[in-house]
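Asker: Residue-level listing of the chains:
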Amino acid sequence: MPEPKVWSVSQVNRAVRLLLEDTIESLWVSGEIANWTRARSGHCYFTLKDEGAQIRCAMFKTEAATLPADPEPGMTVRAFGGLTLYQAKGEYQLVVRRIEDEGAEGLWRRAFERIRAALEAEGLFEQERKRPLPRFPGTVGVVTSLSGAALHDVLTVIRRRAPWTRVVVRGTRVQGEGASAEVASAIDVLGSSGLVDVLIVGRGGGSLEDLWAFNEEEVARAIARCPVPVVSAVGHEVDVTIADLVADVRAPTPSAGAETAVPDGETVQETLAVSRVRMRALLAATVLRRREGLEVANGGLFRAASGLARPRREILERVTDRLESVTRRLSSLQRARLSEVLNKMHVLSPLSTLGRGYALPQDASGRILRGVAELSPGTGFSLRVSDGTVPCEALDSSG
Amino acid sequence: MTTEAEVHEPIGDDAQSLEARLQRLEEIVRSLETSDLELERALALFEEGVGHARSAEQILKNAELRVEELLGTAEDPVIEPLEEDPE
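Protein chains in written order, with our numbering: chain A, 1372 to 1770; chain B, 19 to 105.
Honestly, the hints are just simulated from the structure, not real lab data. Mixed in with the good hints there might be a few duds.
Claimed, not checked - Here are the simulated DMTMM-like cross-link-like pairs (lysine to aspartate or glutamate), alpha carbons at most 25 Å apart as the crow flies: (1) Lys1501(A) x Glu37(B); (2) Lys79(B) x Asp1568(A); (3) Lys79(B) x Glu37(B); (4) Lys79(B) x Glu1630(A); (5) Lys79(B) x Glu1637(A); (6) Lys79(B) x Asp1635(A); (7) Lys1420(A) x Glu1443(A); (8) Lys79(B) x Glu1641(A); (9) Lys1501(A) x Glu1553(A).
Claimed, not checked - Quick look at which bits of chain B chain A covers, simulated, 3 or more residues with Cβ under 8 Å: (10) 40-48; (11) 70-76; (12) 84-97.
Note that the structure is predicted; figures quoted are calculated from it, not measured. For each residue, glycine too, the CB sits at the ideal point set by N, CA and C.
Take these sequences, add in the hints, and give me the full structure.
Answerer: Structure follows, in structure tokens:
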């Protein structure tokens, strides 16, 4: 009898491995997750089981990194992969390339809820944390992909609304493995660079999986610690991202984010015009108050004051038109001489003031009586009006 | 208590951002609103304010969006003009 062929253990395992790999194509397997472990190497090991059987499974680092979260024990999933034999142990296993929760985005949804609950418990979504955006940001920071439509949209809007703005972009990948770390780092670097007054963080629309980076905790934390206010601008209509919840302001698209971040040029023009008018009116009021203050304060003599409102405003405008053109030509050294200029303005002379219905109380020597002390009951004085004087006597006074 | 602004020297056109000018303008208006302002001081504030308003209008008129890219690290940042994709 010839000697039987003797195989080494390695030869057997190798033959079985090749048999498995060559004869059974990649397949989907449904089962319950058990014993999930993520090794230091990044590889994940677990068991898929049903009532009567189990299969050892491995998911290597690259594939495992695309998972939004580790599946929970007992969770029913379907795993896609190929069968092989781990020769060192003689155990056959499924090398998993993809795991899906039963239900399309279940695993993502679950991870989302977990992160949301954790950050919410920390108070990161609190309304009190929200900072107001600067009204007129000089520099706007943008964290997004340099090649995406989002950047184009943001720049288009800012160019249209607020072309005086400076935009500083920090380009980053916005999806795929490692995208969240890149986005978080871009927020950190640009946000604390001291360059920007407000930060727009976002990307165009996509599936929940595409948008995942904006649901990651590290992005949320970067937004929360950003020293300048953050506008989240992730393109999506129905869903909200974690980034939206943490951001100071949430915009539904990158374009909308840009609209929120910068004011409209016309609004600024209007603000300027209003300031100009106000300054002029206030200065004129100050000037007139200096000249007429006491007369006005004496009261009683000026019952017709309300009727004066309109012409008086016109006079103010004329005065300030002139003031503006005068100050425009003055150096700051010449400014001190401006009161002299003012004195030459006919409209401000005491006589023209009288023409508008005011009157000056004077004593016999022509001195202007400025206060109650000079007008005790029984005091005689003359009231100078625009076309003459009227003799008067104080009946009573209060001050 | 009034929030009276210090009078600043009028400044050159590009020395300050639009934001700073608009903020300063608001301060000036607020100060002018305080009724006990000296005439001299009111004039100075007014003059400064008019300067800011004119410079701000100038900034709006001549504005052209500046787009830059922040490269490098937080410790060693590099800012370069960003070439936009033509469309």
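Asker: Which hint numbers doesn't this structure obey?
Answerer: Per hint list: zero violations.
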